[in-house]
Amino acid sequence: MKRGWITWNQTELPRPAFDARLEAARRRLAERDLPALVVYTDIWRSNRVRHFCNFMPYWNRALLVIPRETPPMLLCGLSPRVYPWIRSVTILDEILPSPNLPQRLLQLCAERAWTRIGALDFRAFPSDLYTPIGKGVAVEDISLPALPDQPELSMYRRAAMMARDGLKEELMRGVGLFDHDFTGLLERKFRRAGAEDLVILLTNGRTPPAPPRGEKLGSTFSISLALEYRGHWIKIIRSPAAQVSDLPGDAYLETLAGPYPYELGEGALFAARWETAHGGVRVFHGDTYLRAPQGAQLL
Amino acid sequence: MLNRDRLSQMKDLMAERGWDLLLLYGHTWRKDFFRSVININFSGPHAAAAIHRSGEVQAVMSDPWDAELVMDCPAAAGFGAGLEQLARRGGPVAIAGMEMMEARFVQAFSNPVSATFDVEEIRRIKLPREMERMRQAAQLADRGYEHFAGAIEPGMKEYELVAEVEAFLKANGAEDNFMLIASGGTEVTGMKPPTEREFREGDSVTTELTPQVDGYWAQICRTLVLGEPNSKQRESFAIFSEAQKAAEEFLRPGVNIADVARVQNDVFRKYGYGEYTGPKYTRVRGHGLGLHCDENPYILEDVNYTVKQGMTLIAHPNTYLPLSGYMVFGDSLVVTANGCEALNHTERKLFQK
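Going down the list, the sequences are from chains A and B. Heads up: the first sequence runs through residues 0 to 298, numbered per numbering that gives the first Met the number 0. Heads up: the second sequence runs through residues 0 to 352, numbered per numbering that gives the first Met the number 0.
FYI, nobody ran anything at the bench for these hints, they're computed from the structure. Among the clues, some could well be false.
[To be verified] 30 Å max Cα-Cα, derived DSS-like pairs, lysine-lysine:
#1 K348(B) with K307(B)
#2 K269(B) with K244(B)
#3 K307(B) with K231(B)
#4 K269(B) with K167(A)
#5 K156(B) with K307(B)
#6 K352(B) with K188(A)
#7 K167(A) with K215(A)
#8 K167(A) with K188(A)
#9 K188(A) with K156(B)
[Unchecked claim] Not the full set, but computed from the structure, chain B residues with beta-carbon under 7 Å of chain A:
#10 D71
#11 M100
#12 E165
#13 E174
#14 E241
Everything numeric in this text was worked out from a predicted model, so none of it was measured. Even for Gly, the Cβ is constructed at its ideal location relative to N, Cα and C.
When you get a sec, could you build the whole thing from the sequences and use the hints?
Shown next as structure tokens:
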């Protein structure tokens, strides 16, 4: 996971977009009279910090601190040797070496005389951070809906288009290939096209889609492709045996904007999946949607 | 799928510690505790293997698709609800991986204790079937590096090369691959994810490849020069080669891991580069390998741990030197009765193309 090309194209994602997101967080801090918000990130739960500053910890973990009055700071477990790279792909200037994250955060609170702070989805912090931070400073659990803004929606749409168009071109080539070979083919194609990460699951219909296991793919195989384009994940599921169909009412839904159990409120992004029977095997289908006022809208 | 030998060790541990329930927790990135007993490459966000004092095992998964893939024991989807159900049984609970588990899940239990250290200690000694997979992963790392060295060309971008290597490894059975890369000269101070930088003649190109086969990760570190290596690149590589050899010759059961770091660092000190063995320029002089690609113990002079037969690890004296910038060199090793054996068989040289 997460070892592809991490970059920041400021034309595609301009700095003012981050300023607006930080401002929204600061408004919430002001409502609660809190001096700063802390956001957790690691190699697989990177969406929320990336939303605010474009930082992606390809390794280790970090805390983003968003003070109400000053620019955000990164408390970072990575070596200072990679700070130039971090600065080149994020909006961040201030990066504080933090081999011990809770200790560094509490030191910062003491330096700034912060006796109460906010933490985004604090109960979802890893317990080895949650406990010492909670013992050292009063923490208010803050929830911010994970709703994409216009620049994010554009990037999610680009990811979805990359995945749909790419699979449309390659899907039939999978028939007769071993699942590992088809996975390799797609890895090369999408990573060269700029995908940051991929998760590919395949099945011949006797089980749900799963990581490749050395099976030759038949004419009714299904593929689940989760693709990340510059921090924006989408998921689609296709099979040569199934036509694209409308979202059924009993589809399984999952939020895509983070691992947390956000409700699928208006504006939220979600992946939907469903299955049908075809010649005695299970065929799967799915896509990524935006919950718009008029209902689910294909991204 | 169910590792019955490891399960037996876990049950012995539970009896010794007086635990009624042992949870082996995993999430998308760290599946290792879970997979040490139920070796399923789950795709949902969370999973836990629950071992009861009776010996019964059950899997609690986030995603219904994952629950369907578990064959040798009962499995249910619905992670939070599943944990709450387990918590209602009462009795002393231990969790391996508790530190990385979200607080809201830990809070489902009353006073759970961490089993992380105990379970890591058990996992360090690889079982015969685990060693087979480690060897397969190391062999794939060798083939992956051969592909890397064959594919790289001046003008190619770093991320394009990574795409080629990922494609090769996945086509040849890797579940995943942890890979870092860097290219350039003395300005390069460490490895990172690939960028759009194009390779140039004279570049020193460093990489660590870490393919995962059926859950188990093995690693190889090599440096390649595009074109003829200059005298400083050769001088630098000779130091790295001597340091890695020192570690390999020293490593055996009973030695302290701190000394495995020391013998590597002493080589750098001998040549006047002792300052480049500290945290300003490097992270570790190696680390454990297995179901996670960066396991304890870390090979550092301030880590006190006695090496045991059957451990798998990599010794890599990777660091920055002013001679030629950041350089890497290392092989995966298994500790044998009298020493150690390299799992990689890629030529030990400064590669050039």
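Evaluated hints:
Note on K348(B) and K307(B): the hinted pairing holds, with a Cα-Cα distance of about 29 Å set against a maximum of 30 Å. Distance hint between K269(B) and K244(B) is fulfilled; the C-alpha atoms sit about 15 Å from each other, no more than 30 Å. Under the criterion of a C-alpha separation no larger than 30 Å, the hint pairing K307(B) with K231(B) is inconsistent with the structure, at around 38 Å. Of the pairs offered as hints, the one joining K269(B) and K167(A) is violated, with about 59 Å between alpha carbons and a cut-off of 30 Å exceeded.
For the hint pairing K156(B) with K307(B), the CA-to-CA distance comes to about 42 Å; that exceeds 30 Å, so the pair is violated. For the hint linking K352(B) to K188(A), the alpha-carbon distance of about 25 Å falls within 30 Å, and the restraint holds. At roughly 20 Å between alpha-carbon atoms, K167(A) and K215(A) fall within 30 Å of each other, so this suggested pair holds. Using a Cα cut-off of 30 Å, the hinted pair K167(A) and K188(A) holds, with the two alpha carbons roughly 13 Å apart.
In summary, the hint linking K188(A) to K156(B) is supported, as the alpha carbons are separated by about 15 Å, within the 30 Å threshold. Annotation: D71(B) was flagged as interfacial toward chain A, and the flag is violated, the nearest CB pair being 15 Å apart, outside 7 Å. For M100(B), the shortest C-beta to C-beta distance to chain A is roughly 6 Å, which falls under 7 Å, so the interface hint holds. The criterion of a C-beta within 7 Å of any C-beta in chain A is met by E165(B), whose closest approach is roughly 5 Å, and the hint holds.
Proximity of E174(B) to chain A holds as hinted, the smallest CB-CB distance being about 6 Å (cut-off 7 Å). Given hint, E241(B) at the interface with chain A, is violated; its Cβ is 23 Å from that chain's nearest Cβ, farther than 7 Å.
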